[in-house]
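Peer 1: What follows is each chain in one-letter form.
2 protein chains.
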Amino acid sequence: MAVNQPLFPKMNPVTGISLGTTNAGIKQTERDDLLVMQMVKGGSCAAVFTQNAFCAAPIHIAKSHLDKNPRWLVINSGNANAGTGQQGMDDGLKTCTEIARLVGGSCSQVLPFSTGVIGENLPIKKIITALPKAIESLTETHWQEAANAIMTTDTFAKGASKVIEIKGEKITITGISKGAGMIQPNMATMLGFIATDAKISQPLLQNCLSHAAEHSFNRITIDGDTSTNDACVVMASGCSKVAEITVESESYSIFSKAIEDICKTLAEAIVRDGEGATKFIRIHVEQALNQNEAMIVGKTIAHSPLVKTAFFASDPNWGRILAAIGRAEIKNLNVEKIEIYLDNICIVENGCRAESYTELAGQAVMNKEEITMIVKLGRGKVKEEILTCDFSYDYVKINAEYRT
Amino acid sequence: MAVNQPLFPKMNPVTGISLGTTNAGIKQTERDDLLVMQMVKGGSCAAVFTQNAFCAAPIHIAKSHLDKNPRWLVINSGNANAGTGQQGMDDGLKTCTEIARLVGGSCSQVLPFSTGVIGENLPIKKIITALPKAIESLTETHWQEAANAIMTTDTFAKGASKVIEIKGEKITITGISKGAGMIQPNMATMLGFIATDAKISQPLLQNCLSHAAEHSFNRITIDGDTSTNDACVVMASGCSKVAEITVESESYSIFSKAIEDICKTLAEAIVRDGEGATKFIRIHVEQALNQNEAMIVGKTIAHSPLVKTAFFASDPNWGRILAAIGRAEIKNLNVEKIEIYLDNICIVENGCRAESYTELAGQAVMNKEEITMIVKLGRGKVKEEILTCDFSYDYVKINAEYRT
Numbered sequence: 001m002a003v004n005q006p007l008f009p010k011m012n013p014v015t016g017i018s019l020g021t022t023n024a025g026i027k028q029t030e031r032d033d034l035l036v037m038q039m040v041k042g043g044s045c046a047a048v049f050t051q052n053a054f055c056a057a058p059i060h061i062a063k064s065h066l067d068k069n070p071r072w073l074v075i076n077s078g079n080a081n082a083g084t085g086q087q088g089m090d091d092g093l094k095t096c097t098e099i100a101r102l103v104g105g106s107c108s109q110v111l112p113f114s115t116g117v118i119g120e121n122l123p124i125k126k127i128i129t130a131l132p133k134a135i136e137s138l139t140e141t142h143w144q145e146a147a148n149a150i151m152t153t154d155t156f157a158k159g160a161s162k163v164i165e166i167k168g169e170k171i172t173i174t175g176i177s178k179g180a181g182m183i184q185p186n187m188a189t190m191l192g193f194i195a196t197d198a199k200i201s202q203p204l205l206q207n208c209l210s211h212a213a214e215h216s217f218n219r220i221t222i223d224g225d226t227s228t229n230d231a232c233v234v235m236a237s238g239c240s241k242v243a244e245i246t247v248e249s250e251s252y253s254i255f256s257k258a259i260e261d262i263c264k265t266l267a268e269a270i271v272r273d274g275e276g277a278t279k280f281i282r283i284h285v286e287q288a289l290n291q292n293e294a295m296i297v298g299k300t301i302a303h304s305p306l307v308k309t310a311f312f313a314s315d316p317n318w319g320r321i322l323a324a325i326g327r328a329e330i331k332n333l334n335v336e337k338i339e340i341y342l343d344n345i346c347i348v349e350n351g352c353r354a355e356s357y358t359e360l361a362g363q364a365v366m367n368k369e370e371i372t373m374i375v376k377l378g379r380g381k382v383k384e385e386i387l388t389c390d391f392s393y394d395y396v397k398i399n400a401e402y403r404t
Numbered sequence: 001m002a003v004n005q006p007l008f009p010k011m012n013p014v015t016g017i018s019l020g021t022t023n024a025g026i027k028q029t030e031r032d033d034l035l036v037m038q039m040v041k042g043g044s045c046a047a048v049f050t051q052n053a054f055c056a057a058p059i060h061i062a063k064s065h066l067d068k069n070p071r072w073l074v075i076n077s078g079n080a081n082a083g084t085g086q087q088g089m090d091d092g093l094k095t096c097t098e099i100a101r102l103v104g105g106s107c108s109q110v111l112p113f114s115t116g117v118i119g120e121n122l123p124i125k126k127i128i129t130a131l132p133k134a135i136e137s138l139t140e141t142h143w144q145e146a147a148n149a150i151m152t153t154d155t156f157a158k159g160a161s162k163v164i165e166i167k168g169e170k171i172t173i174t175g176i177s178k179g180a181g182m183i184q185p186n187m188a189t190m191l192g193f194i195a196t197d198a199k200i201s202q203p204l205l206q207n208c209l210s211h212a213a214e215h216s217f218n219r220i221t222i223d224g225d226t227s228t229n230d231a232c233v234v235m236a237s238g239c240s241k242v243a244e245i246t247v248e249s250e251s252y253s254i255f256s257k258a259i260e261d262i263c264k265t266l267a268e269a270i271v272r273d274g275e276g277a278t279k280f281i282r283i284h285v286e287q288a289l290n291q292n293e294a295m296i297v298g299k300t301i302a303h304s305p306l307v308k309t310a311f312f313a314s315d316p317n318w319g320r321i322l323a324a325i326g327r328a329e330i331k332n333l334n335v336e337k338i339e340i341y342l343d344n345i346c347i348v349e350n351g352c353r354a355e356s357y358t359e360l361a362g363q364a365v366m367n368k369e370e371i372t373m374i375v376k377l378g379r380g381k382v383k384e385e386i387l388t389c390d391f392s393y394d395y396v397k398i399n400a401e402y403r404t
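If you read the sequences in order, they're chains R and A. Take the first sequence: its position 159, counting from 1, is numbered 159 in my numbering, and each next residue is one higher. Take the second sequence: its position 73, counting from 1, is numbered 73 in my numbering, and each next residue is one higher.
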């Protein structure tokens, strides 16, 4: 169902960060569903978390462990450990304690993450039993196995990797993500894990990640539902020969941009794998007064079930786009200044159908699998991009049958 | 597809207000698609309109005619005359002028309304040609024909009628509505037309209608999309023998309540006829700090595609309800105080699954066609009700095939 599924890229190993996976039998019997990531001593770790008020037990634990120099991540798919109360906290902590025991660290150095069905207790015995196997398999090359192990309704594994050069020395950044439904991340994606060998302090790494997440994961939406378990983590091992990245160093902007690129690639892959998606849609809102109104207009269009079903039907039903903009509660919106384009075809100008527009031309664009919609508000100079997908029979099917 | 479709009720004629319909061949070739309503001299007329910034040409015209003592309404289905620019305004005004010519009134006494596809010009010649026939057929008993003529994707005609008694004399209130998609009315429904023989000033009638619309049409949502053409009108002929209703009169609260009841019945019928609906869902948000947060929580749940598809699947997937509440951006929400019920079954308490809850009990409720969800926020005393429906394959089908 994915729209132009990207090939799984060559994943450059990151010195100092290794990955181990196994099958714990949580929901899957055949493919791996448990991932452990390990970083050498002396690195730094930053993370962003869901803003959903009902955040899951592992998110609570990961938040409280983030400033304890974490070196291990443990991620299970198949069960979100959300809405599980005190039992969920106990189960999450037990997982951390067991990893600490096995590797000789402390419980507070482990960040746990879970993804899957909400409201069921974690099968903690299965996880404890499986952990030694995951740890035994730790190597720096296990990226594809890791990407596979964190999938739920995803139809393909998502990865991105990049090597940047600074003064003749290299920094590697490699990451994975998962997510296909309950996707309107707010501060993070469903789950994203990025590793780099850069030497960088925790606060600066956190800055890079927060900025990157804001301009990547926070600009995508599949169904407008924000998960209880969203998180994105970046670990920096410090093993690269490039000198420490500081605010003053030239390398900072290069590194920060590279983290953003990785996040954008991972975020885009999530939209391409949107549940039931048949179209990949970029919504460019231009000429907005400020970022807020550009985002509101973009998201109102992206969430409109009528717009999404029109895309599914390849129907250039621009009246629905116009109606969505109109209900976005933008103050003093002058509809006569609005222009809407599908790719390079102007469909709306002066608030009504463009004179040059023909259904034939609109139809030709709508038949494509990838479409860029440009909305010019005629109010200012701010521009934002939101990525989304269409709404198909299969979205309903996938979500009507998810638990059964 | 409708959920417990109500029988079309006995529609009490309203003295002084008559209705005439005909087929103008706008989109339908067999059933009527044009309605004219006429009120005797000396009555009053109030209306509420869509808040969508892209409101349609007829809405602009109706707004500007509202204070000119309107006596005629003209409604066509099959074409919304929205996103049609100056041509749309000209076409709307031509319709008004032609009615005025035929009945001997003035153009500004006619309020036009249109519903149907957005972005196509009104087939004005067909409408002008058909108008005499509609006017010829004006009678006080044509309510069912009127309700039929304004339908688009509706699967049944919607009506409500009530006779109230004040000091031994009677007031009749009878109304019709339409709507099945693009429904999250903001100040009005898709289209609602109510007639009464009460004697009441325009400002007071407007008060009654605004209050009633706020507590009926503005509490329903099918897909979260607010139409460009929403409007609800009430005409009061003043033909009843009941003395004029004034703010001070005892009759005011009785009459106001009756208008609200009629609006609620019409609004509920719209939800039951939601596009593709298989379930009718009442969401009661209780113990909120204020009306605003109760409405936000209710609407976030009602718009969640994941909650809606779970209802379609009769799946008591309460994790999705909880995730929707959590993303509703309520400040300082203490999730541990939240309780959620499906009918009388407590599913969530203290922010996680209720101890007494069993999937069997949850499943039994979800299998029903009508379900009440109660969300107790544990913050205050305010209570609101939102009505909605589920999200099915047929919603996608109807909206993917609407124009083709």
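One or more hints might be untrue.
Intra- or inter-copy, both count: the list cannot distinguish identical chains.
With a Cα cut of at most 25 Å, we get these calculated DMTMM-like pairs of lysine to aspartate or glutamate [said to hold, decoys possible]:
| # | residue 1 | residue 2 |
| --- | --- | --- |
| 1 | Lys383 | Asp394 |
| 2 | Lys162 | Glu244 |
| 3 | Lys257 | Glu98 |
| 4 | Lys397 | Glu370 |
| 5 | Lys368 | Glu165 |
These are computed hints drawn from the structure, not numbers from a lab.
Peer 1: Are the hints correct? Go through all of them and say.
Peer 2: Hints versus structure:
1. Lys383 to Asp394: Neither way: lysine 383 and aspartate 394 sit 32 Å apart in one copy and 36 Å across, limit 25 Å.
2. Lys162 to Glu244: Result: close within a single copy only, 18 Å intra versus 79 Å inter.
3. Lys257 to Glu98: The answer is neither: 37 Å in one copy and 64 Å across copies each exceed 25 Å.
4. Lys397 to Glu370: Both: 23 Å inside a chain and 22 Å across chains, each within 25 Å.
5. Lys368 to Glu165: neither (37 Å within a copy, 62 Å between copies)
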